[in-house]
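**Q** Sequence:
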Amino acid sequence: MTERILKDFDIVMIHRSGQCFRMEQTGEHTCTVIAGDRCIEILQEGERCCFSCEEEEFERFWKPYFDLDRDYGKVKRQIDGQDTYLKEAAEKGWGIRILRQDLWEMIVSFLISQQNHIPRIRRCIRNICERYGEKKTAPNGVVYYGFPSPQALSQASEEELRACNLGYRSKYVRKSAEQVIQKEVDLTEIKRMDYQEAKQELLKLYGVGEKVADCICLFALHHLEAFPVDTHIRQALEKHYPQGFPDSRYPGIQGILQQYIFYYELFFT
DNA sequence: CGCCAGGGGAGCT
DNA sequence: AGCTCCCCTGGC
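So the first sequence is numbered by our numbering: it starts at 1 and just counts up by one.
Some clues are possibly wrong.
Heads up, simulated DSS-like pairs for lysine-lysine below, C-alpha to C-alpha not over 25 Å straight-line [said to hold, decoys possible]:
(1) K199 x K183
(2) K183 x K171
(3) K171 x K204
(4) K175 x K76
(5) K191 x K204
(6) K92 x K76
(7) K239 x K76
(8) K136 x K199
(9) K175 x K211
(10) K63 x K191
(11) K211 x K199
(12) K211 x K239
(13) K171 x K199
(14) K63 x K92
(15) K136 x K63
Rather than coming from a laboratory, the hints here were simulated on the basis of the structure.
Model the full assembly from the supplied sequences, consistent with the hints where possible.
**A** And the structure:
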C-alpha cells in the first residue's frame, strides 16, 4: 500500500476523460486500472490517494504513468486570461492528466475508437483482452487479462475479431499487427523519435490516420504538442477559435488543453 | 419500432 | 478536396 497527497490529480476525472479504456470505476472514490501486465486499485478522497502497490512500484511505474512529476497548476496559469472558454474548460476538467500508456495498446485502442462510442470501445477492448490476452491474477486474488500482443492479434481471423464487436475495424487491427511483427513499423524506434517523426511512422499503419496518430502520440508517447482533432474538437474550434487554436501561445502543452476542451465538450455542451 | 449520429479512414474520383 | 462505404450500438 502506498499513500500520497496529490494536488491537481483526480482519478475519477481521468477515468471520465476517456483516454484509458481499461480503467473501471468501482465505487464513488475507487478505480481499478490495468496497464500492461499490472493491475492496481486506487482509492481517492480529496487529495488523499491510496494505491494498492509497494512504494517501489509506485515510484518506478505508476508515478510516471500518471505523469505525477508535472505541475499541472503551471499549465493552468499559462492560459490566456482573456480566453474565458479555455479557462472554463480547464476548470471543469481539473484533475485530468495525460497518462503514459503502452504504445501497442494505444494503437489498437484508437484503431477501434473510430466511429465508436466510449462504452462500446471499452467493451471491444475487454472482448479482445479476454479472448487473446494472458490471464493473470493480482496479489489480492482479482483475475484480469493482459493486453494481447501483436502476435496474438495477427493470428486472430477477421471473423473472430468481428465476433469481438470490432466491425470493419477488424482488418485494421489484423493488418497493423502484421506490419508491427514484420517490423515494417518498428515500435521500439518510434519511442525514440520526436513528435513529427513518430506521427509519420504511425501513419504507415493500416487504419491509422491523422487523428488516431495524434491520439497515440499523446496518450502513449507523451508528445504533449499533439492535438488530436475529432468531430467534437472540430466543432469547438469552429465556434471558439474561428482563426485556429493559438498553438504558438502554448508550445508543448497543446495536448493537455485539448483534453480539457474535449472533456468540456463531451460533458457540458 | 425506425432513425441517426458517433473520438475516422480507405479507396475511389 | 470531395464522396461513399465500412459496421453496429445507444439514444431519441
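**Q** Now tell me, hint by hint, if it's right for this structure.
**A** Hints and how they fare:
Restraint check: the Cα-Cα separation between K199 and K183 comes to about 16 Å, which is no more than 25 Å; the hinted pair holds. This hinted pair checks out: K183 and K171 have alpha carbons roughly 18 Å apart, not beyond 25 Å. Restraint check for K171 and K204: satisfied, since their Cα atoms lie roughly 15 Å apart, inside the 25 Å limit. This hinted pair does not check out: K175 and K76 have alpha carbons roughly 41 Å apart, beyond 25 Å.
A hinted pair counts as satisfied when its Cα atoms are at most 25 Å apart, and K191 with K204 qualifies at roughly 15 Å. Note on K92 and K76: the hinted pairing holds, with a Cα-Cα distance of about 12 Å set against a maximum of 25 Å. Restraint check for K239 and K76: the C-alpha separation of about 22 Å stays at or below 25 Å, so the hint holds. Distance restraint check for K136 and K199: the Cα-Cα separation of roughly 33 Å exceeds the 25 Å cut-off, and the hinted pair is therefore not satisfied.
Restraint check for K175 and K211: satisfied, since their Cα atoms lie roughly 19 Å apart, inside the 25 Å limit. Distance hint between K63 and K191 is fulfilled; the C-alpha atoms sit about 19 Å from each other, no more than 25 Å. With a C-alpha separation of about 10 Å, the suggested pair K211 and K199 falls inside the 25 Å cut-off, and the hint holds. Under the criterion of a C-alpha separation no larger than 25 Å, the hint pairing K211 with K239 is consistent with the structure, at around 20 Å.
A hinted pair counts as satisfied when its Cα atoms are at most 25 Å apart, and K171 with K199 qualifies at roughly 21 Å. Proximity of K63 to K92 is assessed by CA-CA distance (about 24 Å); at most 25 Å being required, the pair is judged to hold. For the hint linking K136 to K63, the alpha-carbon distance of about 23 Å falls within 25 Å, and the restraint holds.
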